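Enquirer: Given next are the chains, with one letter for each unit.
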Amino acid sequence: MEITAMPRTPMRAHTLPGKYFASQEVHDRETDQIFLKQWICVGRASSIIEPGDFFLHEMDGESFIIVRAASGQINCFYNVCRHRGTRLQQESCGHIKSRIHCPYHAWGYDTDGNLQSAPNMMGAEDFCVVDHSLQSAACVVWQGFILINQQQSVNAFQTDFDEVLHRFDDWELDRLVSAHQITYEVQANWKVIFQNYSECYHCSLVHPQLRPITSVETASNDFTDGHFLGGPMILADNYKSVTMSGQWCGSPLQKLSAEDLRRVYFYTLCPSLFISPHPDYVLTHRIERVNVGSTRIVCNWLFPPEVIQQDTFDPSQAVEFWDLTNRQDWEICELTQKGVQSRAYRPGPYSGLESMLAAFDDYYLALMATA
Amino acid sequence: MEITAMPRTPMRAHTLPGKYFASQEVHDRETDQIFLKQWICVGRASSIIEPGDFFLHEMDGESFIIVRAASGQINCFYNVCRHRGTRLQQESCGHIKSRIHCPYHAWGYDTDGNLQSAPNMMGAEDFCVVDHSLQSAACVVWQGFILINQQQSVNAFQTDFDEVLHRFDDWELDRLVSAHQITYEVQANWKVIFQNYSECYHCSLVHPQLRPITSVETASNDFTDGHFLGGPMILADNYKSVTMSGQWCGSPLQKLSAEDLRRVYFYTLCPSLFISPHPDYVLTHRIERVNVGSTRIVCNWLFPPEVIQQDTFDPSQAVEFWDLTNRQDWEICELTQKGVQSRAYRPGPYSGLESMLAAFDDYYLALMATA
Amino acid sequence: MEITAMPRTPMRAHTLPGKYFASQEVHDRETDQIFLKQWICVGRASSIIEPGDFFLHEMDGESFIIVRAASGQINCFYNVCRHRGTRLQQESCGHIKSRIHCPYHAWGYDTDGNLQSAPNMMGAEDFCVVDHSLQSAACVVWQGFILINQQQSVNAFQTDFDEVLHRFDDWELDRLVSAHQITYEVQANWKVIFQNYSECYHCSLVHPQLRPITSVETASNDFTDGHFLGGPMILADNYKSVTMSGQWCGSPLQKLSAEDLRRVYFYTLCPSLFISPHPDYVLTHRIERVNVGSTRIVCNWLFPPEVIQQDTFDPSQAVEFWDLTNRQDWEICELTQKGVQSRAYRPGPYSGLESMLAAFDDYYLALMATA
Chain R
1 MEITAMPRTP MRAHTLPGKY FASQEVHDRE TDQIFLKQWI CVGRASSIIE
51 PGDFFLHEMD GESFIIVRAA SGQINCFYNV CRHRGTRLQQ ESCGHIKSRI
101 HCPYHAWGYD TDGNLQSAPN MMGAEDFCVV DHSLQSAACV VWQGFILINQ
151 QQSVNAFQTD FDEVLHRFDD WELDRLVSAH QITYEVQANW KVIFQNYSEC
201 YHCSLVHPQL RPITSVETAS NDFTDGHFLG GPMILADNYK SVTMSGQWCG
251 SPLQKLSAED LRRVYFYTLC PSLFISPHPD YVLTHRIERV NVGSTRIVCN
301 WLFPPEVIQQ DTFDPSQAVE FWDLTNRQDW EICELTQKGV QSRAYRPGPY
351 SGLESMLAAF DDYYLALMAT A
Chain B
1001 MEITAMPRTP MRAHTLPGKY FASQEVHDRE TDQIFLKQWI CVGRASSIIE
1051 PGDFFLHEMD GESFIIVRAA SGQINCFYNV CRHRGTRLQQ ESCGHIKSRI
1101 HCPYHAWGYD TDGNLQSAPN MMGAEDFCVV DHSLQSAACV VWQGFILINQ
1151 QQSVNAFQTD FDEVLHRFDD WELDRLVSAH QITYEVQANW KVIFQNYSEC
1201 YHCSLVHPQL RPITSVETAS NDFTDGHFLG GPMILADNYK SVTMSGQWCG
1251 SPLQKLSAED LRRVYFYTLC PSLFISPHPD YVLTHRIERV NVGSTRIVCN
1301 WLFPPEVIQQ DTFDPSQAVE FWDLTNRQDW EICELTQKGV QSRAYRPGPY
1351 SGLESMLAAF DDYYLALMAT A
Chain X
2001 MEITAMPRTP MRAHTLPGKY FASQEVHDRE TDQIFLKQWI CVGRASSIIE
2051 PGDFFLHEMD GESFIIVRAA SGQINCFYNV CRHRGTRLQQ ESCGHIKSRI
2101 HCPYHAWGYD TDGNLQSAPN MMGAEDFCVV DHSLQSAACV VWQGFILINQ
2151 QQSVNAFQTD FDEVLHRFDD WELDRLVSAH QITYEVQANW KVIFQNYSEC
2201 YHCSLVHPQL RPITSVETAS NDFTDGHFLG GPMILADNYK SVTMSGQWCG
2251 SPLQKLSAED LRRVYFYTLC PSLFISPHPD YVLTHRIERV NVGSTRIVCN
2301 WLFPPEVIQQ DTFDPSQAVE FWDLTNRQDW EICELTQKGV QSRAYRPGPY
2351 SGLESMLAAF DDYYLALMAT A
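Listed in order, the protein sequences are those of chains R, B and X. Quick note, the first sequence lines up with residues 1 to 371 if you use my numbering. Quick note, the second sequence lines up with residues 1001 to 1371 if you use my numbering. Quick note, the third sequence lines up with residues 2001 to 2371 if you use my numbering.
Hints may contain errors.
[As the list claims (entries may be wrong)] The calculated lysine-lysine pairs, modelled on DSS-like cross-linking and capped at a C-alpha distance of 27 Å, are:
#1 Lys37(R) to Lys1019(B)
#2 Lys19(R) to Lys37(R)
#3 Lys2019(X) to Lys1037(B)
#4 Lys1019(B) to Lys1037(B)
#5 Lys240(R) to Lys255(R)
#6 Lys2240(X) to Lys2255(X)
#7 Lys2019(X) to Lys2037(X)
#8 Lys2255(X) to Lys19(R)
#9 Lys1255(B) to Lys1240(B)
I should point out that these hints are in silico values taken from the structure, not numbers from a laboratory. Remember, it's a predicted structure, so these values are computed and weren't measured experimentally.
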């Protein structure tokens, strides 16, 4: 992901100490410092089109209801009744007709979270209806992704995402839809997954099928510090995209420059998203931290709707390539997770090809250190 | 369980904070403050009739031997040899011929816990036999229930149970025997189970089959604070009991007043028993706290022995009704357990129909606060 | 294991308090005070004959590579790459051709642990190759056993094992090989296993098949304190060895005295080995502490290679006898583990037949107390 000509740092950066991959205390601090404060990707807006459509998102033992309101806005509510705390929705996705009803005592909320009915309570003199709306998390839609934030307001989003707000306009990312989804459960810390994605030093050994298509020598980075990291690699001459055949799945995306038609990009968005734009599709990895030693990864292959609707459309050349590559990565990530838990593990030296890992570690440590 | 005309409290009571349903620290304090100090129901005396009959009771990682001694008295011993600590009895129930023998080095104890044989030890000058009796817990039989107490003596029982000692004489509870038993494993804190039993606010939505038989408007309470809580509901005109058919299973209990023949009662006995007298049978729930998020519930349908012996006796109308109702309750309890563990859960307001829950919480918090 | 005529101690010794069998805190202190500091048996040298032969040893969440180097010496390395910490070897045993290669970025180490190749790193001015050798543990071969030590050097071994260095020369233990191996998983603390092996007070009840062969009255001890404990029992007149038939499996060991041909010995080597020399074979138990309540035990039946090669050789008479006896022991150990976790368990008095348990406890407590 980085050009080899890049000067090495005088004091060579080293990997994180073992506690960052194995300690429950670090995990709990990450919850407070990162997962409660940062924007977390929970899915795509295209999965809940009609008012009342919803899905549940589970995270850190919490359950959230992500619902399209009557106004068309998408809201995010904690799946907890304001009466006795009962979980309101059990189905992982579906449609709410008019009210979110608690199955215990029939308290009912509208899709904006307002309490609309509560048998034996409404009208009681010491019961204030507006004090009993569902609790919510901030929720925005950006480039078709739904992102939630448990501690910041929606207003903060523009600033937080300022540098990448329009980065993906040429790929029309906001209107792409998923042609295929695969969910992986990996026995490795979420940061091992981020670090693995952020270098191609391992590609020659781990991904033989990737070697002829994108060479590590062509990698460079246009985001090199902070929240958003990564950059392009250049496709080899006889390849049009990263697929099993080396050809496009369908057609190239229409607004791309000639330069972008010869490139594939790899971006990480800490702590929950990888975006990999290709000439003909965008691959996304949604990262869910499960516990200190395991991570769930939801991979989607996004295409323009008009391409998917074509009779001849077949995403399998792209799906098969990255599913193979993913599985190779998860295997090596799991071996790394086992090793970094050893008493004998000491931080090791990053090579010049791993500068994005050092940048990720710097940003991560800064988030963890904030008061 | 409470008449709706009851005046609401000026400061409306709220549910317990989330830690009381999810914290290991609270669980451990409950062990010290409640489960080691209070009388715990472990079963019915009618299950061990002959001297030597025993069953094991498992609780908080402990195993107890409950055994009928030669004198007819029921004793409760820790299932731990005084030599090397070996578990003595493994079978969940059975009959001890003359000695409780340790399977390791053959130390033998009589059914009063006295060490009677110890190869290579008996007679040694520095070995005192009477110092090596089995350790015991206090054990009483009340209304046919066996109750044990790990920290109090038998003498304390009369005072502790003073207000209810003779409450169930009319149902002749001491001589009733179980016609059916079902054990449930529920993924909810034991207090969620107590709270669910203590209100019928949820009945209209959760228990449609109960609605025509007992109306929440007829509920009242004759025990409203402390250890023992609850009271009666009145049967609707065309129902003789709470059964699938609405008719008696067998015959009504003989000593009941005309008033009690039209009532069903719901009592909680913190922390391990529900007693639900009906005109023709008594339903009991024995509650076993398993861990902070799970509870075992042993449900029995008790009838007079002469009724059970009748050729035509069939308890299924009562069993089927309450098994259905129980399962509805456990499902909603499990949903509540999930919700109260949320970071977003805040104590919610009790309605006027939930005054017994507020009373339970008050008593529970007082037990937890005692030095 | 001890003669009954032995005088009883004036202050009778008692078993260890319950926390030593059930507390995670004690377990963690054992790691620091015992398992990191003592020599741990990991297997037999005869299992890795050729240079490059290796096997993995797992212990306390660590993975070790035990490998025969080109020089013939056996080395022990932490299975952790010095770059990103990745686990190097996954197969439980096998052969390394020339390099231990990391599967992630192809760093390669020789069988002495030296880094020999590291793509994109070797030759960089700020990268020091010799700083990135594999981390090792001290490793010695004694009587054919491989022992490792994570904190002491090889030089310490001679002193640590001084008193038993040549104890087994008559059995030619260094050249014996395993004719059979059985691995057991036992739900008991490792010290319960040691204590069970160290007395025959339980034999009459637990091992009826052992009773006629070796009588507890014939037991004595030649190592009575410290690291190494135990001694002989005398075979009954009509038995030549401890086997199902009472006859030898093959032939008696050639260098044994007439006295040793009539004896079986039982020795414990804290914290990982039992050695039981018989007239015709040596039984060994390798003890692996798994966690506070469970232990893995690898049992081997060792014979001279020329005996094993005989067409008529059949170890089943010895294997069957001790497999039966082992299983009886594990069952009673599991019952003891359950009991000693009880709140009611109190240290109990050791009989005169259990003096080796008191000696084990003394040595163990001294190791635990060392600063």
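Enquirer: All the hints need checking, so say for each whether the structure fits it.
Expert: Against the structure, the hints:
1. Of the pairs offered as hints, the one joining Lys37(R) and Lys1019(B) holds, with about 23 Å between alpha carbons and a cut-off of 27 Å not exceeded.
2. In summary, the hint linking Lys19(R) to Lys37(R) is supported, as the alpha carbons are separated by about 22 Å, within the 27 Å threshold.
3. Note on Lys2019(X) and Lys1037(B): the hinted pairing holds, with a Cα-Cα distance of about 23 Å set against a maximum of 27 Å.
4. With a C-alpha separation of about 22 Å, the suggested pair Lys1019(B) and Lys1037(B) falls inside the 27 Å cut-off, and the hint holds.
5. For a cut-off of 27 Å, the pair hint linking Lys240(R) to Lys255(R) stands: about 16 Å separates their Cα positions.
6. Between Lys2240(X) and Lys2255(X) the CA atoms are separated by roughly 16 Å; this keeps the pair inside 27 Å, and the hint holds.
7. A threshold of 27 Å between alpha carbons decides the hint, and for Lys2019(X) with Lys2037(X) the separation of about 22 Å falls inside it, so the pair holds.
8. In summary, the hint linking Lys2255(X) to Lys19(R) is not supported, as the alpha carbons are separated by about 54 Å, beyond the 27 Å threshold.
9. A distance of roughly 16 Å separates the Cα atoms of Lys1255(B) and Lys1240(B); the hinted pair therefore holds under the 27 Å criterion.
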